[in-house]
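Protein chains in written order, with my numbering: chain A, 29 to 340; chain Z, 270 to 584.
Accuracy of the hints is not assured; some may be wrong.
Cβ-Cβ distance ranges computed for the label pairs, FRET-style [said to hold, decoys possible]:
1) A/Met136 x Z/Glu549: 26 to 36 Å
2) A/Val139 x Z/Thr496: 30 to 40 Å
3) Z/Ser474 x A/Met136: 42 to 52 Å
Because the hints were derived from the structure by calculation, they are not lab data.
By construction, the Cβ of each residue, glycine as well, lies at the ideal position given by its N, Cα and C atoms.
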Amino acid sequence: MSAHSITEPSVRQKWFAGALVAAYALITLLPLLWIIATGFKSSSDAIAYPPKILFEPTLEGYVNLFTAQTRQSPEYLAQNPPATWYEAIVHDKGMVIAGPSRYGERFMNSVIIGFGATFLSVVLGTLAAYAFSRYRIPLKDDLLFFILSTRMMPPIAVAIPIFLMFRNLGLSDTHAGMILLYTAVNLSLAVWLLKGFIDEIPREYEEAALIDGYTRFQAFMKVVLPQAATGIAATAIFCLIFSWNEYAFAVLLTSGTAQTAPPFIPTIIGVGGQDWPAVAAGATIFLVPVMVFTILLRKHLLRGITFGAVRK
Amino acid sequence: MSHLNMDSVARATPRHLSRRIRGLSDRAIAWVFVAPTIFLLLAVNIFPLIWTIRLSFTNYAANRPNAEVQWIGLRNYERILSDPDTWATMQATAHFLFWTIVFQVMIGFALAWLINQKFRGNDLWTTIIVLPMMLSPAVVGNFWTLLYQPQLGLFNSIVGFFSGADPTSFSMIGDVHLAPWSIVIVDTWMWTPFVMLICLAGLRSIPDSIYEAAECDRASRWRQFWTITVPMVLPFLMLAVLFRGIENFKMFDLVVQLTGGGPGNITTLTSIELKREAFEKWRTGYSSAYAVILFVTVFGLASIYVKALNRVKDR
Numbered sequence: 029m030s031a032h033s034i035t036e037p038s039v040r041q042k043w044f045a046g047a048l049v050a051a052y053a054l055i056t057l058l059p060l061l062w063i064i065a066t067g068f069k070s071s072s073d074a075i076a077y078p079p080k081i082l083f084e085p086t087l088e089g090y091v092n093l094f095t096a097q098t099r100q101s102p103e104y105l106a107q108n109p110p111a112t113w114y115e116a117i118v119h120d121k122g123m124v125i126a127g128p129s130r131y132g133e134r135f136m137n138s139v140i141i142g143f144g145a146t147f148l149s150v151v152l153g154t155l156a157a158y159a160f161s162r163y164r165i166p167l168k169d170d171l172l173f174f175i176l177s178t179r180m181m182p183p184i185a186v187a188i189p190i191f192l193m194f195r196n197l198g199l200s201d202t203h204a205g206m207i208l209l210y211t212a213v214n215l216s217l218a219v220w221l222l223k224g225f226i227d228e229i230p231r232e233y234e235e236a237a238l239i240d241g242y243t244r245f246q247a248f249m250k251v252v253l254p255q256a257a258t259g260i261a262a263t264a265i266f267c268l269i270f271s272w273n274e275y276a277f278a279v280l281l282t283s284g285t286a287q288t289a290p291p292f293i294p295t296i297i298g299v300g301g302q303d304w305p306a307v308a309a310g311a312t313i314f315l316v317p318v319m320v321f322t323i324l325l326r327k328h329l330l331r332g333i334t335f336g337a338v339r340k
Numbered sequence: 270m271s272h273l274n275m276d277s278v279a280r281a282t283p284r285h286l287s288r289r290i291r292g293l294s295d296r297a298i299a300w301v302f303v304a305p306t307i308f309l310l311l312a313v314n315i316f317p318l319i320w321t322i323r324l325s326f327t328n329y330a331a332n333r334p335n336a337e338v339q340w341i342g343l344r345n346y347e348r349i350l351s352d353p354d355t356w357a358t359m360q361a362t363a364h365f366l367f368w369t370i371v372f373q374v375m376i377g378f379a380l381a382w383l384i385n386q387k388f389r390g391n392d393l394w395t396t397i398i399v400l401p402m403m404l405s406p407a408v409v410g411n412f413w414t415l416l417y418q419p420q421l422g423l424f425n426s427i428v429g430f431f432s433g434a435d436p437t438s439f440s441m442i443g444d445v446h447l448a449p450w451s452i453v454i455v456d457t458w459m460w461t462p463f464v465m466l467i468c469l470a471g472l473r474s475i476p477d478s479i480y481e482a483a484e485c486d487r488a489s490r491w492r493q494f495w496t497i498t499v500p501m502v503l504p505f506l507m508l509a510v511l512f513r514g515i516e517n518f519k520m521f522d523l524v525v526q527l528t529g530g531g532p533g534n535i536t537t538l539t540s541i542e543l544k545r546e547a548f549e550k551w552r553t554g555y556s557s558a559y560a561v562i563l564f565v566t567v568f569g570l571a572s573i574y575v576k577a578l579n580r581v582k583d584r
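With the hints as constraints, model all of the structure from the sequences given.
Structure (structure tokens):
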């Protein structure tokens, strides 16, 4: 065994610390587990008192989430027996499926706007970050601070003139408008994060490439980009998560064709208030991809949330 | 072709000359690379900001675009600053800001300190703790209204189980005294990991040799904590507070979904008030002035704070 350091905590101390952290982690996880569980509850189980921990799982919530339903008379239901398992679930409540719900569309809007804005902000951000990292640009520090400061404004304050601007340009409630807007919001993060990643790539690589006769642009494409690939990927995921989660602009500037999932999910209602299993099902489908990305990102998490200010 | 030419040029020309040739194109590349970003930010941030400032001196209403717009000088600003409701929302925001920061700093630092004890499996637990922070505040906030229901909510049941209180006897969202705490609790749940991660980076940046030296000097654990750990982590902690402060000053999505600003106006934070004025009452000029006041406030407070932060860092 190696020499025991005096700063190393004792076994008992470690065990105690581990137990406390694990307890906190489990408490923190509880609301998330509750969302996932509620998605598989029946409507009565979801609002049972006291809250039910054990219940018989059903896909009713998911069926309600993806379908629009209408009530039918018992005679009609008797004449038209359900053909599939999901029709059977609806049938048992005295309803029939009238068509798909809006959730699919809203989810796709989130995907289109999220990926569109991520792609644009990463492309523009990489170019700008490279220039800020490698070239002497007049007023560089001021420009970088300006880019960061755009993130300080409350979204609602920016939304007033954007609303007017989009109305004049015909961008209200369009994918293009939301992609542009989210790109602009993401750029501050993309530039700051990517500048940090590019700063870490030794200049010698490019200089070697220049001596080999590459142009600056070729050196950027063939030497810097591959080296920065991990940083670019991490930045992209952060931009995607931001666009995915954004609510304030989405609720003010979209209402139909370009509405994303976050303003839509809370409006899922059933008979007499929110249809909690359906809300929870919609939330689960929406949140789980982000949880997966968070686990993938854990090495770069700190950097991403502090705009590159803190690196490990 | 051009690639080949460059090759021979690079070899043939003396080094200082080739650098000058490249230097020219460098500047061009730099501008081509930076311009789209700056342009987009000017179009989507600065132009709207100037527009907002202009509108703030008028009585413009966005739902009546054809009505005559009057230039009314500073009257919007006067009205906002003399309105007691403004100060009520400022107070609600201050309460929210203060307590979320206090709880997040205390719990976040404690967790970071515990995780830094390097017990087995701390990566797994850290990843779990971090999850809420990355999720959509609107979607999660909406779901918390179910957890907070007096009868069927999990939160009330758990509190009831541990305190012995009847879980149906209190309503976190419906009660004027509890509602401000309901938003503090959810925000703390979501964002404590943020402070924790930054503190953890601070703790890990302290070299073991400092503690070893203190140990040789027979400094007690308690003394080591206050003379080494706390001052070394302080700059990190202050950075975390800056981020949380700015974010929570802008707070909208989570609270709108949780309480909608109610009951009454008790959790109406500045952003929620602004949204009501701008997009429900359609007082565009008035709300523009409100937006300018908010922006000046956050910018002013942040600059003062950054100066303090730099002083701590330099020490």
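Hints, one by one, checked against the model:
Taken as a hint, the range 26 to 36 Å holds for the pair A/Met136 and Z/Glu549, whose Cβ atoms sit roughly 29 Å apart. The hint said 30 to 40 Å for the Cβ distance between A/Val139 and Z/Thr496, and at roughly 52 Å that hint is violated. At roughly 44 Å, the beta-carbon separation of Z/Ser474 and A/Met136 lies within the given 42 to 52 Å, and the hint holds.
Consistency with the previously given hints fails for number 2 only.
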